[in-house]
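Asker: Protein chains in written order, with our numbering: chain A, 386 to 655; chain B, 4 to 300.
Derived from the structure by calculation, the hints contain no laboratory data. Misleading hints may appear alongside valid ones.
[Said to hold, decoys possible] Across the chosen pairs, the derived CB separations fall in these ranges: (1) B/A297 - A/T433: 53 to 63 angstroms; (2) A/A448 - B/F279: 31 to 41 angstroms; (3) A/A651 - B/W163: 39 to 49 angstroms; (4) A/T634 - B/R190: 56 to 66 angstroms.
[Said to hold, decoys possible] Covered, in the sense of this in silico footprint (three residues per stretch, anywhere, with C-beta under 8 angstroms from a C-beta of chain B), are these stretches of chain A: (5) 397-409; (6) 429-438; (7) 473-482; (8) 512-523; (9) 565-578.
[Claimed, not checked] Simulated pairs of lysine to any residue, SDA-like, Cα-Cα distance not exceeding 25 angstroms: (10) A/K473 - B/A276; (11) B/K294 - B/A201; (12) A/K473 - B/M51; (13) B/K162 - B/V97; (14) B/K294 - A/L453; (15) A/K473 - B/E187; (16) A/K473 - A/L546; (17) A/K473 - B/F55; (18) B/K122 - B/A62.
Source: prediction; values computed, not measured. All residues carry an ideal CB built from backbone N, CA and C; glycine is no exception.
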Amino acid sequence: MTLSPVARHLARWIALGYIVILVIVPVGLILWRTLAPGVGEFVGSISTPAAISALQLSLLVVAIVVPLNVLFGVPTALVLARNRFRGKSILQAVIDLPFAVSPVVVGVALILLWGSGGLFGFVENDLGARIIFGFPGIVLASIFVTVPFVIREVEPVLHELGTDQEEAAATLGAQWWQTFWRITLPSIRWGLTYGIVLTIARTLGEFGAVIMVASNLPGQSQTLTLLVADRYNRGAEYGAYAISTLLMTVAVLVLVAQVILDARRARAAT
Amino acid sequence: MTASSGVVDSTSEAIRPGLTGSGGSGRPSRLLRRRPASTSLRVGAATMWLSFIVLLPLAAILWQSAGGGWDAFWSAVTSPAAVASFRVTLTISVGVALINGVFGLLVAWVLTRDEFPGKRLVDAVIDLPFALPTIVASLVMLALYGPSSPVGVHLQHTKWGVGIALLFVTLPFVVRSVQPVLLELDREVEEAAASLGANNYTILTRVILPALLPSLLSGAGLAFSRAIGEFGSVVLIGGAVPGETEVSSQWIRTLIENDDPVGAAAISIVLLAISFAILFVLRAIGARAAKREALAK
Numbered sequence: 386m387t388l389s390p391v392a393r394h395l396a397r398w399i400a401l402g403y404i405v406i407l408v409i410v411p412v413g414l415i416l417w418r419t420l421a422p423g424v425g426e427f428v429g430s431i432s433t434p435a436a437i438s439a440l441q442l443s444l445l446v447v448a449i450v451v452p453l454n455v456l457f458g459v460p461t462a463l464v465l466a467r468n469r470f471r472g473k474s475i476l477q478a479v480i481d482l483p484f485a486v487s488p489v490v491v492g493v494a495l496i497l498l499w500g501s502g503g504l505f506g507f508v509e510n511d512l513g514a515r516i517i518f519g520f521p522g523i524v525l526a527s528i529f530v531t532v533p534f535v536i537r538e539v540e541p542v543l544h545e546l547g548t549d550q551e552e553a554a555a556t557l558g559a560q561w562w563q564t565f566w567r568i569t570l571p572s573i574r575w576g577l578t579y580g581i582v583l584t585i586a587r588t589l590g591e592f593g594a595v596i597m598v599a600s601n602l603p604g605q606s607q608t609l610t611l612l613v614a615d616r617y618n619r620g621a622e623y624g625a626y627a628i629s630t631l632l633m634t635v636a637v638l639v640l641v642a643q644v645i646l647d648a649r650r651a652r653a654a655t
Numbered sequence: 004m005t006a007s008s009g010v011v012d013s014t015s016e017a018i019r020p021g022l023t024g025s026g027g028s029g030r031p032s033r034l035l036r037r038r039p040a041s042t043s044l045r046v047g048a049a050t051m052w053l054s055f056i057v058l059l060p061l062a063a064i065l066w067q068s069a070g071g072g073w074d075a076f077w078s079a080v081t082s083p084a085a086v087a088s089f090r091v092t093l094t095i096s097v098g099v100a101l102i103n104g105v106f107g108l109l110v111a112w113v114l115t116r117d118e119f120p121g122k123r124l125v126d127a128v129i130d131l132p133f134a135l136p137t138i139v140a141s142l143v144m145l146a147l148y149g150p151s152s153p154v155g156v157h158l159q160h161t162k163w164g165v166g167i168a169l170l171f172v173t174l175p176f177v178v179r180s181v182q183p184v185l186l187e188l189d190r191e192v193e194e195a196a197a198s199l200g201a202n203n204y205t206i207l208t209r210v211i212l213p214a215l216l217p218s219l220l221s222g223a224g225l226a227f228s229r230a231i232g233e234f235g236s237v238v239l240i241g242g243a244v245p246g247e248t249e250v251s252s253q254w255i256r257t258l259i260e261n262d263d264p265v266g267a268a269a270i271s272i273v274l275l276a277i278s279f280a281i282l283f284v285l286r287a288i289g290a291r292a293a294k295r296e297a298l299a300k
């Protein structure tokens, strides 16, 4: 269907106008308000003790969540791509579940399971390890919302890869770990990388699930996103903008990584 | 997108590459099948992990609600505040899904059928709402549509503010589900229709829209599903005014803070049920579209 030039321009400007009003102007405004008082002000605002400890806490959560997701995600993707077993479609559906669950519901679920009245309440009541309103709760919430990423990025790569090379390695007498280390892992590295990038971004950016299970105490269980809300609610708008700009930088890096990896994938496909 | 695509087609292909691909002897596949123990071990580990992280917490919600009995569930779900929050959540989410359905279709169209400088940049910007943390999205919307708005639009603590925040976070869904289908669409069919004397309106409604409908519905459905559960992006701009901007996720948080786990579990179950129902319908639509496509080939 060929549109007349007038209709084509109309469609183009309405679509661009929508994106400009909805995305570009608001995002640009935050950037401008953050950087207008000068870079020194920005750096000062993201290096206060509260901001530093929130950053450290967020990075610590990332450092725990990413290895766990890789450790369980890659074998799960392997078994989903390579094997046929009973209940596979149920497993597939469970992996997609976190996408469909509201972050607040994630928080409620964790509170009801790990809180002092829940099934796993004994951990807090008898063993004295505080899960909810403590650091472990933040980790559990972050893993819940990031579980699908590594699996869903690695699985299609494994599908396309097939098993020819691995079979060849096996016939040549390679052990399973040699095959995995030399053949499988190098083939899935870009899918895995992107899965990890998405996991990091989501972990740093998660708010709803984390605020439900965190006490929001600076230095103990206040992550970067909680600090943004906290600063805004205390009327420290500029401080909130500064942390937001920091988080936005991470988001932009994710988009750049996506563009690069897409280009790589396209080149590999041709 | 991943949420809609996973289960339907994944079992059929690439499971038996030893048999279907690269022809010939069955020997290699036997080599790989030599370790059924490792398969069940992996399946077991994956199941345990997912149960521990995802299923047990969700089961705890059901358990909590069942413990309170049907009457407690019903009174929590039908309390005036809960009903008001459902009304606010559902009306805003329907509106958001419709508006982003229309504009998402238009944006996808412009990104596939039009050429202009900076198109790739615009294409990349579409993903920004997915990449931004929700609380940052909230702040971003407040910067333009809040009290310190440079253009004097003040939407904080109104339902329009909640709506515009949800429009922002759900923008990519429709664009990203329609775009690939539009890209694959056979232009020859449109040309044939045009050569048979069909005008643009007829081509649009008889040829293009029917082909795009499954992906359009899927995108709008995912946007709706995201909107009803959204919390971070509406919390600052909405401000939880009961009956006006307090969405169900905020009401759940209030219930937890007031130490009413039975009520919070009940509202959570309703949200979960709506999300699952939508995903189920989308999956059925997707399966039907895939079947029709397979038949057409």
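Asker: State for each hint whether it applies.
Answerer: Hint check:
no. : hint                                : in the structure
1   : B/A297 - A/T433: 53 to 63 angstroms : holds (59 angstroms)
2   : A/A448 - B/F279: 31 to 41 angstroms : holds (33 angstroms)
3   : A/A651 - B/W163: 39 to 49 angstroms : holds (41 angstroms)
4   : A/T634 - B/R190: 56 to 66 angstroms : violated (40 angstroms)
5   : 397-409                             : holds (count 9)
6   : 429-438                             : violated (count 0)
7   : 473-482                             : holds (count 9)
8   : 512-523                             : violated (count 0)
9   : 565-578                             : violated (count 0)
10  : A/K473 - B/A276                     : holds (22 angstroms)
11  : B/K294 - B/A201                     : violated (28 angstroms)
12  : A/K473 - B/M51                      : holds (14 angstroms)
13  : B/K162 - B/V97                      : holds (13 angstroms)
14  : B/K294 - A/L453                     : violated (37 angstroms)
15  : A/K473 - B/E187                     : violated (30 angstroms)
16  : A/K473 - A/L546                     : holds (20 angstroms)
17  : A/K473 - B/F55                      : holds (18 angstroms)
18  : B/K122 - B/A62                      : violated (46 angstroms)
Checked against the numbered hints above, the structure violates hints 4, 6, 8, 9, 11, 14, 15, 18; every other hint is satisfied.
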